[in-house]
Structures are given as structure tokens and as C-alpha cells.
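K.L.:
Chains as they are written, first to last, in our numbering: chain A, 1 to 265; chain B, 1001 to 1273.
Keep in mind the hints are simulated off the structure, nothing from the lab.
Take the hints with a grain of salt, since some may be wrong.
[Unchecked claim] Cβ-Cβ distance ranges computed for the label pairs, FRET-style:
hint : chain 1 : residue 1 : chain 2 : residue 2 : range
1    : A       : Val45     : B       : Ala1053   : 36 to 44 angstroms
2    : A       : Val195    : B       : Pro1189   : 50 to 58 angstroms
3    : A       : Gly164    : B       : Leu1260   : 28 to 36 angstroms
[To be verified] Residues from chain B that face chain A, not an exhaustive set, calculated with beta carbons under 10 angstroms:
hint : residue
4    : Ala1078
5    : Val1082
6    : Leu1083
7    : Arg1092
8    : Val1231
From a predicted model like this one, the values you see are computed outputs, not experimental measurements.
We put the beta carbon where it would ideally sit given N, CA and C, even for glycine.
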Amino acid sequence: MRSRRRPTGPARVVFAAVIAWLALLLVVPLGALALSVAGSFSAVVAALTSAEALHAIGLSVGVAAACIVANGIFGVAGALVLVRQRFVGRRLLDALVELPLALSPVMTGLAFLLVFGRNGLLHPALDAVGLQVAFAWPAVLLATLFVTLPFTLREVALVLEELGDSEEQAAATLGATGWQTFWRVTLPNLRSGLVVGTTLTSARALGEFGAVLVVGGGIANRTQTATTFIHSAIEERQEPAAYGMALLLAAVAVALLFVLQRDRE
Amino acid sequence: MNHGPSGRAGALALRGGVTAWVTALVAVPVLVLAWRGIADGPAAFWAAISDPAAVDALWLSGWTAAVASVLNAIAGTALAWVLVRWDVPGRRAIGALVDLPLAIPTLVAGVLIIALFGPQTPIGHWLVGIGIPVAFAKPGIVLALLFVTLPFGVRAVEPVLEELDPAEEEASYTLGATPFYTLTRVLLPPLFPAIAAGAVQTFARSVAEFGSLAAVSGNIPHRTLVAPVYVLGEVEAGNPSGAAAVSLVLLAIALTLQPLGAALARRAGARRA
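Next comes chain A alone, as it looks inside the complex (with noise of 0.2 angstroms):
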């Protein structure tokens, strides 16, 4: 590490405007929201444990968790597929798995209400059997499913890179089988890529707000999410209800940014 210096001259003037900027973007803000419910404690506590903020806040917890499991399994296993194998589509498969970071939220959601919406393309399928996503739990899962998708794959992907795959040749010439090389080298040694991929997964499921709005409707105690039972408070007027919720979330951010900086050490 390069030996730093304390700024001198320009420098103590360029310091201080980047410090003002942080204060009026992030500092500020989140000092004004943290007043605003201090002011109104008794009525965001009632507003966060009612029925219908629990109802959302469970949903979005169940529906990160189960985002957390399913990116687990296929982040480790796409990003074996994409960084160790050479096969015909492998940058266009990469593609599409980067597609969900250049949609708008709002795009995804519509695209999957083209899918399973009224009019949508599997709509009489899924009627024939009885069975609803737009405008349900599915809905809000898979939606978050798709948003959610590249982050644990990327970042297993680049510890992948760097590991090589050495020490799973040493596993494979000692005897061991595959499924032993896998579950005692080379899942241990993925571990950071794992915890960083989560925590970012956890972070972008508990705050996606626009396609789980436009595909899940924000239906009280059905489809709404923590984000969108914040967007229904604010078209009600209910500050105390909307700046909980808000100042809730931007706690848990803040706990999630805790693991990452940690890890990045």
C-alpha cells in the first residue's frame, strides 16, 4: 500500500466539496428521514406492526430468502458452466444472464404480465389448471427471481476465474470422485463469491419495487411488498407508514453494506 499523504493546497478544496456532496446526496437525506420518524415514533410503530406491514414485510423476506437459495444453486452452477466451459452459445447465454442489469424494472415486470397476465401467452394455460401468477406470490417471486439473477453468478464467476482449477485436479488424481471433488474443494473455496453474490441478492430482492409493482399489482396482504406498501402509503398520504417502512429498509441496507465492506477486506 502507497503511503498517503494529508491533502495540502487544492486538495483541501476539492476534499471539502466531495464531503459537501456526500452530505447533501446521502447524509442529509437520510438525517431528514430519520428526524421525520423520530418526530411521529408512536404512529410508525403502529403503522410498521400492522397487519397488513407484516403481511409485507413477510413477503418480501420469504421472497428474498427463496431468491437467496435459488441464486445460490444457480449462481454456482452457472458460473462453472460459463467460466469452465467452451461450447456454441456460451457468450450469448453470458448475455442474457447480464440482460436483467439493463432492463428497466418496470419493463420486467411488464414483460412477464405479456407472459402470465390476462392477455398473456400462457394465461390459458395456466387458467385450464387453475392457476394464477400475475397478480400473485408467483408473480412477485419470479420477478424478483429475474432481477435478481446475476449478481451471485458474477461474483462466483470471477472467484472461479482466479482459483483455477488445480487443487480439483490434485482431488480428481488422489481418487476422489466428482461429486466429492465439488462438495469438499471446490464449494469451500467459493465461499467469498457466495457471501458477496447474497448479499447483494438480499440487498436488490427487499428493495425491488417497480416490477414486482407493475406484475404483482401491490395488492394489500396478497401482493405487496415492504417497497410497495411505501409507494401505496405515499398515494394515501400516509407519511408516518411510508417514511417507516423507508427508514426500516434503509437500515437493513446499511447492516447489508456492513457484510460488504467486511468481506471486501
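Fit chain B to the supplied structure of chain A, relying on the hints for placement.
P.N.:
Leaving out everything else, chain B in the frame of chain A:
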């Protein structure tokens, strides 16, 4: 016989499973979206994207994204320079703050801006009084975009700056060059591809941004309605084809910018070597 994930049969099964998952979850919905955008024919597509409200929404998204990209490029470069070059108090805290928008839900970013600048707050009330409303107005849109894209500008420049020898800046400065000369002739030229890569990423994210803007922009057609929120409005108005057509324009912008950003990032990386 079971060869596990590394055997030939295992590798094929793994590839098949991953491909099926990505196809079902990503490829099919996006293809259906693209198909619905053009299924009614070119005339209907054109009518949908040349609707005055759609044009105004796309234009608003475009120019606010451009403003955010320029401001974020400046702020990001300055932040990266401070974090890489100097031993400033609270360096680690600043680094963590820069990543905060990655973790904070985008809708919450919008709520934060309303909590500070909303018309019922003292600051918001005062700003409306002097004729510069922030919440539910264009400055709020830019502010929200700057919040959610903050990490992009910094993180694009940081690793490249890390590799540049500070001796060049110091030599220029101690040989009597003005800070402005040192900045524009010594510091910025090698950083340019990295700064541009960050700006492209900022622009792409800004054009797609939905959650914070749904909360903060006020969504007034022709004035503060950005393209992604316009798409939501068309969906809610029962016009999924129109929504899909405007979505296709946004998708085209995203798919043009992604390789451009990647190419710039590669050039920035190449300079490092």
C-alpha cells in the same frame, strides 16, 4: 456411474439446466415483450413511440440522464482522486458511503429526497417560495439520478487512478504548473476512458431508473413524467402494446450503451497495463 458436475455427462446436464433456467426466466419474457412491441405492425409501433407524451417522456429521461452523467463524472472523479491520493479523515466511512446507494432500495432513495425537499418540509417550502421546487420537479429527478448512480462514477475511475503514478502530478505541480494545467494536461487524459465508462454506465442506469423517480418526479405528463414511469402509466391505462413499444426504445438504448461502456472499460483497463 456418477461422475459429478465435472464428468462429461455431468457437464452436459449442468449446461442444459442452466440454459433452461436462463431461457425460461430471461429469454422468454424479454422476447415476448419485444414481440408485443412490434406485433401490431410498424404503423402502430410508430404511433406509440411518437405519441407526444411518449416523446416528451423519452426526451426528459434522455436529458436528465445526460445532466446526471456529466455531474456524476465530475463528482466521481473528484471523489476517486480524494480516496486514492490523500489520507483524509474518515476515508473508510467515505468509501462505505459511496457504496450505500447500491444497497438502498431505489424507491427509498426517492422517499429520502421527499423527506428532505418535500413541499411540507421547511427546506422544501422555502425552495418553492424562491421558485426552485425540487420535489415533484426536474431538479428532484436529477438529484434522484445522482443518488442512485453515485457509485458508478467513483468505482470506474478508482482502479485506474490507483495505478497512475502520483509523481507525475507532483512533478507538474512543483515545476510551477497551475492546478488547472496539472488537472487538464496531466491527470485527466489517462483517466478519460475510465471517466467515460462511468458516464455511460450512469446514463444507461438513469434512462432505466424507475423506483426513485416514481416517488420524486410527480409524474406530470409533458413536464416531469420520465419514460419508465410513462410505461407504467400505459400499462395501468390498459395499453400494454404502447407500453411495450416505448420499452423497446429503452431496450435499444440499453443494448447500444452496454457494449460501448464495456469497450471503454476495456480501454481504461488496457491503459493500466
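K.L.:
Take the hints in turn and mark each one as holding or not.
P.N.:
Each hint, compared with the structure:
Against the hinted window of 36 to 44 angstroms, the Cβ-Cβ separation of A/Val45 and B/Ala1053 comes to about 41 angstroms, which satisfies the hint. Checked against the hint of 50 to 58 angstroms, the pair A/Val195 and B/Pro1189 fails, with Cβ atoms roughly 38 angstroms apart. Look at A/Gly164 against B/Leu1260: about 31 angstroms separates their beta carbons, and that is inside 28 to 36 angstroms. Taken as an interface hint, B/Ala1078 checks out: its beta carbon lies about 5 angstroms from the nearest beta carbon of chain A, inside 10 angstroms.
Given the 10 angstroms rule on beta carbons, the hint for B/Val1082 holds: about 5 angstroms separates it from the nearest Cβ of chain A. Residue-level restraint check for B/Leu1083 holds (minimum Cβ-Cβ distance to chain A is 9 angstroms; threshold 10 angstroms). For B/Arg1092, the interface hint holds, since its Cβ comes within 10 angstroms of a Cβ in chain A; the closest pair sits about 8 angstroms apart. Using the Cβ-Cβ criterion of 10 angstroms, the hint placing B/Val1231 at the interface with chain A is satisfied: the shortest such distance is roughly 5 angstroms.
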